[in-house]
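There are 4 protein chains.
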Amino acid sequence: MVRVIILGQGYVGSVFATGIERIKKGDLGYYGIPLGNELPVKVEEIEVVGSYDVDKGKIGKNLHEVVGRYWEGEIPGSLESIVVRKGIHLGSLHNLPIEAEGLEEEMTLKEAVEKIVDEWKGLRPDVIVNLCTTEAFEPFNNKEELIDAIENDDRERLTATQVYAYAASLYAKEVGGAAFVNAIPTLIANDNAFLELAKESNLVIFGDDGATGATPLTADILAHLAQRNRYVKRVAQFNIGGNTDFLALTNKDRNRSKEHTKSSVVKDILGYNAPHYIKPTGYLELLGDRKFIAMHIEYVSFNGAIDELIINGRINDSPALAGLLVDLVRLGKMAVERGEWGTVYEVNTFYMKNPGPAEKGNIPRIIAYEKMRLWAGLKPRWL
Amino acid sequence: MVRVIILGQGYVGSVFATGIERIKKGDLGYYGIPLGNELPVKVEEIEVVGSYDVDKGKIGKNLHEVVGRYWEGEIPGSLESIVVRKGIHLGSLHNLPIEAEGLEEEMTLKEAVEKIVDEWKGLRPDVIVNLCTTEAFEPFNNKEELIDAIENDDRERLTATQVYAYAASLYAKEVGGAAFVNAIPTLIANDNAFLELAKESNLVIFGDDGATGATPLTADILAHLAQRNRYVKRVAQFNIGGNTDFLALTNKDRNRSKEHTKSSVVKDILGYNAPHYIKPTGYLELLGDRKFIAMHIEYVSFNGAIDELIINGRINDSPALAGLLVDLVRLGKMAVERGEWGTVYEVNTFYMKNPGPAEKGNIPRIIAYEKMRLWAGLKPRWL
Amino acid sequence: MVRVIILGQGYVGSVFATGIERIKKGDLGYYGIPLGNELPVKVEEIEVVGSYDVDKGKIGKNLHEVVGRYWEGEIPGSLESIVVRKGIHLGSLHNLPIEAEGLEEEMTLKEAVEKIVDEWKGLRPDVIVNLCTTEAFEPFNNKEELIDAIENDDRERLTATQVYAYAASLYAKEVGGAAFVNAIPTLIANDNAFLELAKESNLVIFGDDGATGATPLTADILAHLAQRNRYVKRVAQFNIGGNTDFLALTNKDRNRSKEHTKSSVVKDILGYNAPHYIKPTGYLELLGDRKFIAMHIEYVSFNGAIDELIINGRINDSPALAGLLVDLVRLGKMAVERGEWGTVYEVNTFYMKNPGPAEKGNIPRIIAYEKMRLWAGLKPRWL
Amino acid sequence: MVRVIILGQGYVGSVFATGIERIKKGDLGYYGIPLGNELPVKVEEIEVVGSYDVDKGKIGKNLHEVVGRYWEGEIPGSLESIVVRKGIHLGSLHNLPIEAEGLEEEMTLKEAVEKIVDEWKGLRPDVIVNLCTTEAFEPFNNKEELIDAIENDDRERLTATQVYAYAASLYAKEVGGAAFVNAIPTLIANDNAFLELAKESNLVIFGDDGATGATPLTADILAHLAQRNRYVKRVAQFNIGGNTDFLALTNKDRNRSKEHTKSSVVKDILGYNAPHYIKPTGYLELLGDRKFIAMHIEYVSFNGAIDELIINGRINDSPALAGLLVDLVRLGKMAVERGEWGTVYEVNTFYMKNPGPAEKGNIPRIIAYEKMRLWAGLKPRWL
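Sequences listed follow chains A, B, C and D, in order. Residue 371 in our numbering is what sits at position 371 of the first sequence, and the numbering runs on without skipping anything. Residue 1123 in our numbering is what sits at position 123 of the second sequence, and the numbering runs on without skipping anything. Residue 2034 in our numbering is what sits at position 34 of the third sequence, and the numbering runs on without skipping anything. Residue 3259 in our numbering is what sits at position 259 of the fourth sequence, and the numbering runs on without skipping anything.
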């Protein structure tokens, strides 16, 4: 069994929880889960055992009720037994039209962390999945500064994700091992402060920022061009979506977190920094979870010929990430069993937009996939 | 030095010859050549030493004049010294609005082959590049039948490409080694008759059908989806172009040759035969060498979500293939030096739409690229 | 009330019949019906009173059963009372994988016409809607030749649509007035033989070829460019669909019927015949009723600048046409009441790809719409 | 002759000046000029007689030099005789990486206006064309407030465009008639303060915001859907460009000016405010004057079917507007001759994104075109 806690019970967390239960009931195949059911740990073994949020409208409700906001189909009754608990806010929903409250309003951050770790010791998760709304943040890179910030209750310096990751390391230390999957842009697997802490605490960190949407596809298309030595003159990529994350990204500082992640792919894959505009761009509420993407690439071919590619997509945002999580929680459990404390580049490089550790870059996903299979003990598909 | 003969002096052959000379003069970088100048054999060492065609308007003209039909820029004077010779026709321009004549009008096929081999013994090519217009053909798969067809002057059974490939094997045998690069859909590297002959005759064959246009991109995009276990519901791909090859493909039988090549990619990459329509579709003269492609892919993501991708491209057809040929002639020379008689899957799988030998299929180009680099003695880029 | 007979009970006829009944039940708004419910004749007054087909699997079945092949939702019970009758075949399903039989197998064409007219005199339709599969045909342009062909039972010369239109004129003459809506490419409203007959027989003809799909959009986009005096260098337009009509169009002769219709729009709107490739292109069964279209337009702007537009669409084919039919049958009834025998350009020019009479061409739909409103006695929307 | 002054000698102004001279020399046709050479006032009669800017790098240079920054081709020598003069700045290049200076640094606004009017009395323009960079502005709507702001030297309240339009009214009053063409989003033809002033001063105002780029096309496509009563569920439209105007629009306040203009089109054409995201979105310097646009429209067709359209374009921004200006300056001269003081909706509705006066909205361009032709004394094309 893989016991999972969800931090941030929004679209992705709800699709994840629903999909897992539907698979258990036999209502659904394994589509959208990269490794399908090839791993020794089976999809059916995944169990959501806890959920945290700061939206007042969700705290205290059971998962069956909350999931109903995001999913129109029949919701498995098994979700009724999990109640959403109050988590850390620290402004993660700041500026958004949501009434929010966090544990830190009633106690210091240190106390909040202790309370959460206590709860986790009761819930016994193998893997903690972070799905908070995109935050404006500052990495630490220095373990002592991170610990000081917690000790000093420095609410300006810390984000919810950073506090949760810190709590995860305390929990892992106490129970002898756990995994923290960071699916949002806040740097955790790329922040040496957290990696150092993880190694000391028997924590596995996967991160950062789940590789969904247009960016992984862009990476593979750029690799396609790079391998033909076509010179990319420019790349323009737009996104427009309707879920809370897009709304959050209309905030400039949050957007900056995302922009970094997305832009590094150009240099990493091409080897030169082709002029590009790659940003989550707009919010249109009625798109809901759907995303419209457009990409324009212009390049030079042999004998100076100029070609162009135009790519458009209509993509459901949350299922794409939720499908990756089905692998990530199982790989997290496997990494814990193997004692691979710190982070695992072979996993991150396929599943994450900004694969940690920081000194490593992006490689084409098609190759990353094979490396990841090898790490997971599976036969490569084409190598 | 790499001495090259071009069979079919159309768009691709002209862009190839021009580009090589422009690079020698320092007018052009290595863009569009997958391996740039990384190989021990340098781009500047390539020398076109002969050219064949069956268009009456080209035979007897020098390359400088012929290239002028396809390329508006300044044409290097060095092309003046090569005169286009009369080749094998066998209906390869049949139905097209071009006045054509072949050697076989004046002699038997056997005599024509002898004449050509004699000329080649004078020109001393290392590599013979086949760029004939797409043909309607029947593979042989049996060496004896092939030889009989030549002996019996069976003009219904043979195509120009098959006769040229046969001539190449005779030539290779006499001079101790040569390479034949088949850039068109006629099966040569996938036809055991030719592979057997090649092994006996010190011939290297690369083929079949140069991997340009939309199909290699489709392969990589399908691989991207396959690696996320997304279920592809359908693929529609259209092409419209304005060069002679598109005009030829309005002929049903020729089109069938192409269709096979393009369609196999779906099954090879996805592992199942998703419904697809992938065909060169239309001819619009004024597009000239430019091609307009459109692709529509619909797939199932996690939790049953339906996504779609729409890809459009405006692509210069001939430079894409000409850039690949710059590598292929050098790799051909290297294979001859290594004595790798027969065919080389590691080369074909990256450069060819229908990589021989027949029993091997398509793999994602991004991985094929790394395998090819390894074969060529280069460091892989990302593996 | 508007009493309607459907000829060819396929996708369009089934969506039409279902949609009308769903509107009556209040399940559906008026979306997709250009005039909504603005006309004096209300949508709710439309009544399907008869249906004809030549597919053995449909003849003798009731509409409720037949519609179920095309529409997954709940089907109104009111459709149970109409039984599909055997019609004229004349090869209209020739080459398609459908077992077909026509009245003409049991009798002469003249007898078949008489039988049908008799049935219609019982069913009392105001409007007969022709939705046969696209045919290969030859226009008559001469009334006597048409009548001779019927008299001589000339099955090679006549198509099902031509025979039905002839029957409609006999029926109209007998009952004092009726309308025939030709929604397929066979020329009827553009064939003087039928127009002459119609004027003598109190028949109103609307046609030819319902203006759905990409072509009307192309017309409006070309008009947009023409009004800015941008010079269109070329237009490429592709279609791929999965319904019987697309399958039928893979047949070259049928395709030619369609091509003419679609191509004339370029010259009509731009005033010059810009190079273009506009054809229904491919059949991909699993697209079902959905169509994927792609269009590429390149044009010259001020000071010689070159711009391009790329348009893609995923369109449900049958509802688009069915929505137009809801207007056309009501306008047909109105034209009968006004005694406008022959054809009505003001109606055709908005609703038809190839608006009759033959001497008139296409105008931008946006303007055609206003002219049509004026004819219908409605206020123009923007004029 | 039509004597023209350009305010803001950037891309558009330079393409305009170059194009006119190239046409006079016979180097260029009339493509991109909506009315071609149909008007009684000929294109060849247009003469640029003066130019203003606030970029230190342009002031004092002649047009031949300045145009060279934007146009790579040969520049007509006739442009050497016009020297760019210093204009009003008022922060119109604020925040942009351009060193700027305005007359108002040396004198009061009132004095600057007087100086400019004096210069104009010497240059004797018939038409003054405003091409300033997009500004953040506040409309006046009250003539007295506008005059007070000038008198009180209120530099916070006024923008360059507003000051220029005020100057134009003074100039028109003195010379007995002139036209002011406002091609940028600042409201002038939609601001009653300016309209009132214009009527008293013999000024014709055309405005606001030249109808180029994606918005007019969107208008016509939405009209196409509206006429078929298709219900538009949502519209997403993106733009990315590389000229100064896009850079300026990365500033939030300037962007807001633009957003209003673009969004109103949805409600005006559809009759309801379909959810939409229509904004100039990104700046990518290397696109230069080229713009990449992407649009996604989803709508409901008959029987509840959901269709979608995806439109992409690569458009040269400045030639599109420059081509419209060739008409606008001639129509401006005609309006002056007819004494149509104030503004002319029939002209604005075709040429402007936000056609004044304020109480009038957008109509489909295809219809607007015909109304404009009628106003200009030309035969409608299709009506």
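Any given hint could be a false lead.
[Unchecked claim] PhoX-like, lysine-lysine: derived pairs with alpha carbons at most 25 Å apart:
| # | chain 1 | residue 1 | chain 2 | residue 2 |
| --- | --- | --- | --- | --- |
| 1 | B | Lys1360 | A | Lys233 |
| 2 | D | Lys3371 | C | Lys2267 |
| 3 | C | Lys2360 | D | Lys3379 |
| 4 | A | Lys371 | B | Lys1360 |
| 5 | D | Lys3025 | D | Lys3042 |
| 6 | A | Lys360 | B | Lys1267 |
| 7 | C | Lys2233 | C | Lys2267 |
By construction, these hints were calculated from the structure, which means they are not laboratory data. For clarity, every value in this text was computed on a predicted model and none was experimentally measured.
Which hints, by number, does the structure contradict? 1 and 6
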